[in-house]
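Visitor: Starting from the known structure of chain A, arrange chain B on it as the hints suggest.
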Amino acid sequence: MQKDIKHTWLLNSPPEKVWEHLTDAELLSEWLMKNDFKPIIGHKFQFYAKPVVNMGFDGNVYCQVLEIIPLKKLSYSWKGGPGKGKITLDSVVTWTLIEKDNATELTIEHTGFKGLKNFVGYFFMNSGWKSIIKKRLGDLLNS
Amino acid sequence: MKTQTLDHFQVIADPNRRHILQLLSKDSLTINSLAENFDMSRPAVSKHIKALDDAGFISIENIGRERYCILKQTGFVEIQEWINYFDKFWESKLKKLELVLNKKSNKKK
Chain A
1 MQKDIKHTWL LNSPPEKVWE HLTDAELLSE WLMKNDFKPI IGHKFQFYAK PVVNMGFDGN
61 VYCQVLEIIP LKKLSYSWKG GPGKGKITLD SVVTWTLIEK DNATELTIEH TGFKGLKNFV
121 GYFFMNSGWK SIIKKRLGDL LNS
Chain B
1001 MKTQTLDHFQ VIADPNRRHI LQLLSKDSLT INSLAENFDM SRPAVSKHIK ALDDAGFISI
1061 ENIGRERYCI LKQTGFVEIQ EWINYFDKFW ESKLKKLELV LNKKSNKKK
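As you go down the protein sequences, you meet chains A and B in turn. First residue of the first sequence? That's 1 in the numbering used here, and the numbers climb one at a time after it. First residue of the second sequence? That's 1001 in the numbering used here, and the numbers climb one at a time after it.
Excised from the complex, chain A in its bound form:
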């Protein structure tokens, strides 16, 4: 079973240019998604994508900046779910830039997919437990 995502791309632009496109909200929206990103550690922001209904994804990605090393590395949390604040996707996105003769080797790693809540959710869906029990467990896991 695949547990992480990793893609490496060679871009024919210098790291400064690529970094701008990763950290400027306007430029970021040109190729990724609308967002309110700011390059500040701890900044909470969102990406707004299209909902994927059959996957229980309302299209909102909730993020928080975790690490910034200018021109080299950027990472943020990446959370989402079916809406109403319910999070079923809990993961981390990390960008790494390496300069290669005025071009940039850009790597994205999407990792740390946390499974427990999904696992528990699945378990409940298939066991028909009463909602009160779900709530008890939900409160407990969120505590």
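Among the hints, a few may not be true.
Said to hold, decoys possible - One side only, chain A facing chain B, incomplete, derived with CB under 7 angstroms:
| hint | residue |
| --- | --- |
| 1 | Trp9 |
| 2 | Glu30 |
| 3 | Trp31 |
| 4 | Gln46 |
| 5 | His110 |
Calculated from the structure, these hints are not laboratory results. Glycine included, C-beta positions come from ideal geometry on N, C-alpha and C.
Guide: Then chain B, alone, in the frame of chain A:
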């Protein structure tokens, strides 16, 4: 410690057992390597593992000389969907980024 039958809620209500599930969600582990993550005795860890096994959250398999704890995969269908989705998503977004960057550098020339 006497053996007692726990319901599913009791099984997962215990923070140590939730921690075991979390560890196993990353990789299958031997009972010994699981035990290294806890301050409690190995028999105490084994007891938690047994509870998780009894409740169907994990299975224990003999691989070589070691006994491995393996998370049952059923609950992970959803996560696998997320991973498959974002795998393709990022690939297409990187292509888009390349296009955007190339367009801009061509304009300058």
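Visitor: Sort out which numbered hints this structure fails and list those numbers smallest first.
Guide: When the structure is compared with the hints, only number 4 turns out to be violated.
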